[in-house]
Each structure stands twice: as C-alpha cells, then as structure tokens.
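Enquirer: Each chain is listed here by its residues.
There are 2 protein chains.
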Amino acid sequence: MLKNFSLHPQLDKDTHLLIDMKEFQVLLHKNATIPWIIIVPKTNETEVYNLSQDRQESINDMTKEIAQFFETEYSTTKMNIAAIGNMVPQLHIHVIGRKPGDACWPDVVWGCEYPYKDYSEKCIERLKLHLIKGFNNK
Amino acid sequence: MLKNFSLHPQLDKDTHLLIDMKEFQVLLHKNATIPWIIIVPKTNETEVYNLSQDRQESINDMTKEIAQFFETEYSTTKMNIAAIGNMVPQLHIHVIGRKPGDACWPDVVWGCEYPYKDYSEKCIERLKLHLIKGFNNK
Numbered sequence: 004m005l006k007n008f009s010l011h012p013q014l015d016k017d018t019h020l021l022i023d024m025k026e027f028q029v030l031l032h033k034n035a036t037i038p039w040i041i042i043v044p045k046t047n048e049t050e051v052y053n054l055s056q057d058r059q060e061s062i063n064d065m066t067k068e069i070a071q072f073f074e075t076e077y078s079t080t081k082m083n084i085a086a087i088g089n090m091v092p093q094l095h096i097h098v099i100g101r102k103p104g105d106a107c108w109p110d111v112v113w114g115c116e117y118p119y120k121d122y123s124e125k126c127i128e129r130l131k132l133h134l135i136k137g138f139n140n141k
Numbered sequence: 004m005l006k007n008f009s010l011h012p013q014l015d016k017d018t019h020l021l022i023d024m025k026e027f028q029v030l031l032h033k034n035a036t037i038p039w040i041i042i043v044p045k046t047n048e049t050e051v052y053n054l055s056q057d058r059q060e061s062i063n064d065m066t067k068e069i070a071q072f073f074e075t076e077y078s079t080t081k082m083n084i085a086a087i088g089n090m091v092p093q094l095h096i097h098v099i100g101r102k103p104g105d106a107c108w109p110d111v112v113w114g115c116e117y118p119y120k121d122y123s124e125k126c127i128e129r130l131k132l133h134l135i136k137g138f139n140n141k
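Taken in sequence, the protein lines are chains U and G. Throughout the first sequence, residue numbering follows my numbering, covering 4 to 141 in sequence. Throughout the second sequence, residue numbering follows my numbering, covering 4 to 141 in sequence.
If you are wondering where the hints come from, they were derived from the structure by calculation, not from laboratory data. None of the hints are false.
Here are the computed lysine-lysine pairs in the DSS-like style, where the Cα-Cα straight-line distance is at most 25 Å:
1. G:Lys-120 to G:Lys-33
2. G:Lys-45 to U:Lys-102
3. U:Lys-45 to G:Lys-102
4. G:Lys-67 to U:Lys-45
5. U:Lys-131 to U:Lys-102
6. U:Lys-33 to U:Lys-67
7. U:Lys-6 to U:Lys-25
8. G:Lys-45 to U:Lys-67
9. G:Lys-16 to G:Lys-6
10. G:Lys-131 to G:Lys-45
11. G:Lys-45 to G:Lys-16
12. G:Lys-131 to G:Lys-33
13. G:Lys-125 to G:Lys-136
14. U:Lys-136 to U:Lys-67
15. G:Lys-67 to U:Lys-67
Could you build the full structure based on these sequences and the hints that come with them?
Expert: Structural data, given as structure tokens:
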C-alpha cells in the first residue's frame, strides 16, 4: 500500500469513485454510454507487470467480477482490458464492456468521440454495492 | 493446451511468428515503426481473466521480458498492454513499447495510421533468440 495516495486530477475529473480499498481505488467513467471502470492500484509503479503477484491476481479477480456485472446489466459481450498510461502516468487499468453496435464498435474507445450520457445516482449506488459484495466474496 | 491450435488469419497476416511454445505463440507485428509483440495463448477462452492463474503469470512474465527488451533496444519508456479482441475474437494480448514522439504518441496505436517500416531478418532473429533465452530463464 502507498502512504499518501492521491488520485491523478485527470482520473478524478473523468470518473466517479466507486470503492476506496486499502490497495486500490475503483472508479467509474462518468460517460455511461459505454460501461467503463478503471482500477487504480495504490502504488508508485507505472507498469502492471511490476506489481506483486497478489496484486495482479486481485486485479484479475476484480476484472472478472466487473465483466460479469457488465454482461448481466449492459449485455456486453467482449471486455477491453488495458493499461495504457501515455497521458496519465499514474498506473490505471481500463476495464471496458463492449458489444457490437455500441457507440465506438469495433474501434477502441480511446480516441473515439461518442455521445455523453450520465449515470443516475441510483445506478451508481447499485454498481457500488454489487462490486463491494463481489470483491468481498473472493 | 489446445489441440489443433490454429492462428487467426488476420494475426497471421499482420505478424511474424517469433516463438511457438506449448501454451503460447509469440508474434511480432510486421510494422517496425512501433515495437509491438502479440502473445496468443493456445486456448478457446476469449478473455484473459478466464485463463488459469499459471497462464496469467506466464503472460505477465513474458510481458516483463518483452518490456525490458524494448526499453534496451528501442528506448521505449511506457508499455501499452491490452486485450481488445473486438475484431479478432481469438484471445491475444498486445504488448507495445511506446515513447514520447513516436509515430502515434500520445494516442493509442489502434486506429492510428502511421508509416510502415520492415524489420530486417537479422533483427527478427536477434529478438527471437533474446526472448527464447529470457522466457527459458524463468
């Protein structure tokens, strides 16, 4: 765990905080048009392969949980999972639910301009509760 | 391991085969302008989080080895690591070495049009030997 963790301003601006855990923050991209969660490990490392095996396993477990939720709630059929970090150096993993015909399909979401839609407060709470429960069951 | 593994024609067209292992194929994207390796697990799964823990660890180890090579040989400073699969359903993991000022920086490579450059045979052989050695040392 990193003492004095502070979220990069760009991530803070683009997302809602879903869960703040000891080792991770889990963020929801504000644009609801494409379901998109961002996992931020509390670390100074900038590459995912430099994290401990435990942390890498946790990320995979969380990703799986998120994928299942996206499949059920948003009928997504493919996950796009990526660590890019060209613009925001703080390590963050994109977990994006995709399906044929969505606003960017079959292109990637980065660099794709697509309409903005807000999440409802109710929806954010639901997502939060579901993921907290899912992550705790592991 | 998957019996009768067969590489997707699009991946076959876009890459040179670097290493054919029991559990993986390791491919080199033909365009040398940006160093880009693709790891293909021999599996019918389409999502990386559904692979066994062992396979996920192997992918991380290989990614780290590739990153070190790209840093040394091509002075890359950031890795872009992603499983997308919107167009090619066969599971494949992109491992791309990036640096400020490269042909797509700071954008992602997918959807970016950039000049084509061939790898020399010598360079491909060197990369192959280096990675085989690196992967075996794990």
